[in-house]
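S.K.: Below are the chains, spelled out letter by letter.
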Amino acid sequence: MSALLSHLVRLLVENVFRISINSRLGESLHFFIYDSLKILLLLSFMIFAISYIRSFFPPEKTRQVLSKFGGFTAHLMASLLGIVTPFCSCSSVPLFIGFVEAGIPLGVTFSFLITSPIVNEVALVMLVGLFGLKIALVYVITGVLIGTFGGIIIGKLGLEKYVEEYVYQITTGQREEEKMTWKDRVQFAKANVKDIVKRVWLFILIGIAVGAIIHGYVPENFLTEYAGRGNPLAVFVAVALGIPLYSNAIGTIPVVEALIGKGVAIGTALAFMMAVTALSLPEMIILRKVIKPRLIGIFVSITGVSIVMVGYLFNFIL
Amino acid sequence: MKIRVLGAGCKNCAQLEQNVFNAAAELGIDADIQKIEDVAEIMKYGVMSTPALVINGKVVAAGRVLNTEEIKRLLTKQ
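Line by line, the protein sequences are chains A and B.
Take the first sequence: its position 116, counting from 1, is numbered 116 in UniProt numbering, and each next residue is one higher.
Take the second sequence: its position 76, counting from 1, is numbered 76 in UniProt numbering, and each next residue is one higher.
If you're looking for bench data, these hints aren't it; they were derived computationally from the structure.
Note that CB positions come from ideal geometry on N, CA and C, so glycine has one too.
Treat the hints with care, as some may be off.
[What the hints assert, rightly or not] Taking lysine to aspartate or glutamate and the DMTMM-like style, the derived pairs with C-alpha atoms no more than 25 Å apart in a straight line are:
#	chain 1	residue 1	chain 2	residue 2
1	A	K289	A	E164
2	A	K61	B	E26
3	B	K11	A	E160
[To be verified] Label pairs and their in silico Cβ distance ranges:
#	chain 1	residue 1	chain 2	residue 2	range
4	A	L5	B	D38	41 to 51 Å
5	A	I21	B	K35	23 to 33 Å
6	B	A14	A	E177	24 to 34 Å
7	B	T76	A	E165	37 to 47 Å
8	A	V140	B	E26	40 to 50 Å
9	B	D32	A	L37	44 to 54 Å
10	A	I206	B	E26	51 to 61 Å
11	A	L5	B	K77	44 to 54 Å
12	B	L27	A	G173	23 to 33 Å
13	B	L27	A	E165	40 to 50 Å
Excised from the complex, chain A in its bound form (with noise of 0.2 Å):
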């Protein structure tokens, strides 16, 4: 399929744009003709199945399943639940109110926040896309174990005092789930479709483009002494960069799939990803509504330790 596409793209620039495939500008314009046609492609049919999937898990069900849950098993199940449960970010603080109401450990519903961002669907389906399903598998494992053990850490630590006290007083009350037909969740998983691309399209496009300079421009090897295995700091330094880039989360991935292709070391893309998706800073001003700074604090470390950590494993055994 995608061979197909990329032949199609080919005969493209060598038939009606005339440029040889050879060239440099050949190169370039086949890599972002290409990959943004695949993108765009894989993002609309993937972000519709996940959304249709994602229709079944209100976060209402997921705190209703977890707060029947125990021990590890809490953790882990929160982490999965995270990556199918939908909410956007705004109702992050509804959603940390209620499940710490329904008796769920603070640990617990770390766990839940922490993969939730981690293991973002539009970076998930570009890894897919530019790297291959065995990538973003290693991707959603680790996003999933980096939830689990986070969410562990943080229950361990006693932190209950640094939630907003008035979270403790608000009382939730009970409904009935709404019935949803098929139809509806179509229409929710059309919507989703909408929503997603219409907000990305022109950062996927950008970072193509830019990937696509890199692609057809920069020497091979070049990056491979920078940010390549060999350089210890270069996992460390992609995480710092990539906390303050959040707003471009998702037009960074082409961008880095090129400087792959460059010598850059995959962990070390890996690592610089999902701190881009997991750290973000609006995501920090949402949750300080329910949790003291200190909290905030301690989140963040543990999961930007873990991100260095999960990178500096995959350089080294990828």
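Using the hints, position chain B against chain A.
M.R.: Then chain B, alone, in the frame of chain A:
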């Protein structure tokens, strides 16, 4: 008819509110439409995912932006 849109004020919540106004106008219903932004108030409805839509005290949808047609269908059912 009492219609409440629950949401802290992000783009999705504003979109749902707008769609509710459109739906009510297209049906010619004289409804009491209000947006609720206070978290404690939102939680009382048992809702954790915003935006949510409440018609006459009953939560009919949560965590998604219903389009005008869907809202019209829900309103005529009441």
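S.K.: It remains to establish, for every hint, whether it holds in the given structure.
M.R.: Here's how the hints hold up against the structure:
no., hint, result
1, A/K289 x A/E164, "8 Å, holds"
2, A/K61 x B/E26, "34 Å, violated"
3, B/K11 x A/E160, "32 Å, violated"
4, A/L5 x B/D38: 41 to 51 Å, "50 Å, holds"
5, A/I21 x B/K35: 23 to 33 Å, "55 Å, violated"
6, B/A14 x A/E177: 24 to 34 Å, "25 Å, holds"
7, B/T76 x A/E165: 37 to 47 Å, "44 Å, holds"
8, A/V140 x B/E26: 40 to 50 Å, "43 Å, holds"
9, B/D32 x A/L37: 44 to 54 Å, "49 Å, holds"
10, A/I206 x B/E26: 51 to 61 Å, "39 Å, violated"
11, A/L5 x B/K77: 44 to 54 Å, "45 Å, holds"
12, B/L27 x A/G173: 23 to 33 Å, "28 Å, holds"
13, B/L27 x A/E165: 40 to 50 Å, "44 Å, holds"
Consistency with the previously given hints fails for numbers 2, 3, 5, 10, ordered from lowest to highest.
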